[in-house]
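K.L.:
Taken in sequence, the protein lines are chains A and B. With this note's numbering applied, the first sequence has no gaps in its numbers, which climb one by one up to 398 at the end. With this note's numbering applied, the second sequence has no gaps in its numbers, which climb one by one up to 1281 at the end.
Check the hints yourself; a few may be wrong.
As the list claims (entries may be wrong) - No farther apart than 30 Å at their CA atoms in a straight line, the calculated lysine-lysine pairs in the DSS-like style are these:
1. K107(A) <-> K1185(B)
2. K107(A) <-> K1188(B)
3. K250(A) <-> K223(A)
4. K8(A) <-> K108(A)
5. K364(A) <-> K250(A)
6. K222(A) <-> K250(A)
7. K1188(B) <-> K108(A)
8. K8(A) <-> K107(A)
9. K107(A) <-> K264(A)
10. K223(A) <-> K364(A)
11. K108(A) <-> K1185(B)
12. K1237(B) <-> K1185(B)
What the hints assert, rightly or not - Between beta-carbon pairs, the in silico distance windows are:
13. H1242(B) <-> A147(A): 53 to 63 Å
14. R1202(B) <-> R104(A): 52 to 62 Å
15. D384(A) <-> K1188(B): 45 to 55 Å
16. R1167(B) <-> D41(A): 28 to 38 Å
17. E1258(B) <-> D187(A): 53 to 63 Å
18. A147(A) <-> E1042(B): 51 to 61 Å
Please keep in mind that the hints were generated in silico from the structure rather than gathered at the bench. C-beta atoms are modelled at their ideal positions from N, C-alpha and C, and glycine is treated no differently.
Spelled out, the chains give:
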Amino acid sequence: MRRELPDKQGHFGAFGGRYVAETLMPALIELEDAYRRAARDPAFRRDFRHCLHDYAGRETPLYFAANITRRLGGARIYLKREDLNHTGAHKINNTLGQALLARRMGKKRIIAETGAGQHGVATATVAALFGMECQIFMGEEDIRRQASNVFRMEMLGARVTPVASGTATLKDAMNEAMRHWAARIRDTFYVIGTTAGPHPYPRMVRDFQSVIGREARRQILKKEGRLPDYLVACVGGGSNAMGLFHPFRKDGDTAMIGVEAGGKGIPTGLHAASISAGAVGVLHGNKTYLLQDGHGQVRDAHSISAGLDYPGVGPEHSHFHATGRARYLSVTDAEALAAFRFLTTCEGIMPAMESAHAVAHAMKLAPTLGRDQIVIVCLSGRGDKDMDIVAAQKEEKR
Amino acid sequence: MNRIEKRFRTLRSRGEKALILYLTAGDPNLQRTEALIPVLEEAGADILEIGVPFSDPTADGPVIQEAAQRSLRAGTNLAAILDMIARLRRASDLPIVLFTYYNPVFAYGNERFARQAAAAGVDGLLVVDLPPEEAAELRQFTHPRGLDLIALVAPTTDDRRLAGIVRGAAGFIYYISVTGVTGTKTPKVAEALPDLQRIRRRTDLPVAVGFGISTPAQVRSFAAHADGVIIGSALVKWLAVHGEERDLFARAALFVREIKAATIPRSEGGDEKGQAPTAGE
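For reference, chain B alone in the conformation it holds in the complex:
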């Protein structure tokens, strides 16, 4: 059992949902990212998505585009990101997913990448522009090393595609809650619900929801119907706004704690009641 699976299992037994945080590695530099990650973990991040900056991020809205530009200006590259993960891994069991476009991986070399990512302690990969139809060329190297290729499902995905997607999926299913790019539209639970049910009927993998979720209230409403909620642009934007403040880490911890609280059902009161595995139905 890898760290992703284990984390979802633990959360389920506690009646909680996963808080999945995204941040762009190297925004504004890798030292900051490396110092920040333990703070986010301590504050309640259950899974971390580490974004690899790319010059042409066609699936991202302005917030993450700008973060990628800042990161690239600071000279961030994939090798340095993997080194950072390897250092963090010595002190942490936080499940880590690399969120990337395909070209930086392809340029690195698929086999070399898979080998070094696994060695660094990466648990999963989300290659946003690598649909199942093209994924075999990477999966042949990641699968034997236990790296999960996380699958994306969109509101536009029909049942036939969905069947193919879940067949090759591992780790969790990432449901894109809006038709569009990251962080630009506000998703509605009522609109996502039929899709979440559609996915559940086809797979036992945990389902996480992301793209545009930004407030604790939204987190709470989606957490009631999914196994995890992904906060990306909202965190990246928060960090961009508050990045220069002296008590950044303390304030970031507060920001994350507030969101994490929204993944825990209110009836549990945050106490260790422990059961209630029915939450989410």
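Next up, chain A with everything else stripped away, as it sits in the complex:
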């Protein structure tokens, strides 16, 4: 039997690891030790389960989407309803886990980076819950685009720090959070929002998010008596996708498809498809696929969905790509927008623009499959936050 990944140094095959300045290394090792002990501790596991159940509202339904299944005329489509979680997305699974760990480690301050503000809101939420001081780093450009989420975070008691450096978006917010962490390392816990960053984050975030796939696996076996043929999830950093995929990784008959943000189309260069159109490099503490120029300078990502607007991807996804365990492709802004409308009008479910990418691929995939085949789509978040974007697109069309 193959060894479980990551290895001791956080490598997933040729990816992952820990590429950070020495100042951060001892903190990462401390975090790794604390997490390893917590993960084995029945009390910690019980607390986490309890929070997921009573606070986040799990388990989330695995909903058979009869209307879109009929309309598409192919495989049976199930939606894993992460949008029904407290705060409206899967992000809360991870922030609850990390906040519990922070509390266990005696840290009274948590910080996080955020792009669209979803992870920032989920972090500010758990900070309020556990009575912790909270500071969120957010690019100036994103603050302008996502004013309502900034307000939500501030209502929850968090301090939102604008980041003006670099391109003033998610990657720069993450840079600044890492700098701040280096300066306040002794009293501060850094809550990374996706399966990226230096070891142990990719593994830890995956473990906290794996509740998605564990539930979905149990639910589909109960409803259909068999495993699905396909899993489809959107991939920015990749935490909802890895959360769904990982518990199915040994189920060889279940194919996994990660859907990256194709933006205005791969040939335009305006996209966030790190695996589909990037090259291997090192950013934010791990080795993975990156959008970069030929000199190793990281390029800006572009997506209609702020949550996918990241130039890297979790290292385990890079590994799944390299081994062929999962397949990665992309859909464009326009396709995601069409999927948003399709799901909204057919099922009465408004997906987050991120999740609409997964739906868009399912719309292409399902008609090519037989009616007895099963596809599970991760509906990672709800679309309320994206009303302005959808409205703006309508304007543009007129």
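Starting from the known structure of chain A, arrange chain B on it as the hints suggest.
P.N.:
Coordinates of chain B only, in the frame set by chain A:
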């Protein structure tokens, strides 16, 4: 013996400490950097750290972040920096350390980079986000070519890590004098002292101190306890402020001379007394 080792040896015999200057290559363009380096050398730089600009410099404060942005806007890249070093090397024995993040090196190709850096006359590499745990993939190419991989030690580094770090270290040990990023906090000698002693107990390599040291007075106080002092953000900021002035080079020379003087113990008076290898104890 490479140029770094030789320089520390010479300095030790003169009772001086090394003045290590950092500047971002290509800030605001490579022509300026190339013209400036001989001025810095002439004015008393003992070792030069040449910064490779990176889009996402997570270990740097605002001063060096902005320098990297200026440099990237001017189109600076690693190949051009190595070419510049090769030209400078024809006329100079100044020890040169490339200060870089890992991705520009990795994108260049580790083996190709090591080969060309050695050929250009680079003496050492400081890859700020490449800890010893991940360094083997680069060291396999740099070590056989005599390029020193300079190791970083931070205030957060415990004794167990320190032992591993010094085992693989070469050139000198770079002690990060504050917990944080470059050029943002002012380090205190009293706080650094126990760490400097901790490092000395484990290695005979020279120890240099940097991150936040900006004035001659600070240089003097750290020079009393270390083998070298690194001035980075303070110089980069000075150059950004004075960059447009017509007598820039003359003024830069004065700026550097004043700092260099602080690395020479006062009792020596700057004369060639030569001995006093005990300074620093």
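K.L.:
For the pair supplied as a hint, K364(A) and K250(A), confirm whether the alpha-carbon distance does not exceed 30 Å.
P.N.:
holds (26 Å)
K.L.:
Is the straight-line distance between the alpha-carbon of K108(A) and that of K1185(B) 30 Å or less?
P.N.:
Satisfied, since the Cα-Cα distance of roughly 23 Å is no more than 30 Å.
K.L.:
Mind checking the alpha carbons of K8(A) and K107(A) for me, to see if they're no more than 30 Å apart?
P.N.:
Roughly 25 Å between the alpha carbons, so the hint for K8(A) and K107(A) holds.
K.L.:
Taken at face value, is the distance from the CA of K364(A) to the CA of K223(A) at most 30 Å?
P.N.:
holds (24 Å)
K.L.:
May I ask you to test the hint 53 to 63 Å on the CB atoms belonging to H1242(B) and A147(A)?
P.N.:
violated (40 Å)
K.L.:
Taking the Cβ atom of E1258(B) and the Cβ atom of D187(A), is their distance within the range 53 to 63 Å?
P.N.:
violated (38 Å)
K.L.:
Does 52 to 62 Å hold as the CB distance between R1202(B) and R104(A), or does it fail?
P.N.:
Cβ of R1202(B) to Cβ of R104(A): about 33 Å, so the range 52 to 62 Å is violated.
K.L.:
Could you say whether the range 28 to 38 Å given as a hint is met by the Cβ separation of R1167(B) and D41(A)?
P.N.:
Hint holds: Cβ distance 34 Å, inside 28 to 38 Å.
K.L.:
Does the structure keep K250(A) and K223(A) at a Cα separation of 30 Å or less?
P.N.:
Satisfied, since the Cα-Cα distance of roughly 20 Å is no more than 30 Å.
K.L.:
Given the hint of 45 to 55 Å, check if D384(A) and K1188(B) actually sit that far apart at their C-beta atoms.
P.N.:
holds (50 Å)
K.L.:
What's the verdict on K1237(B) and K1185(B), does the C-alpha distance respect the 30 Å limit or exceed it?
P.N.:
With Cα atoms ~15 Å apart, K1237(B) and K1185(B) stay inside 30 Å; holds.
K.L.:
Given the hint that K1188(B) pairs with K108(A), test it: the Cα-Cα distance must not exceed 30 Å.
P.N.:
It holds: about 26 Å lies between the C-alpha atoms, which stays within 30 Å.
Checked against the numbered hints listed earlier, the structure breaks hints 9, 13, 14, 17; every other hint is satisfied.
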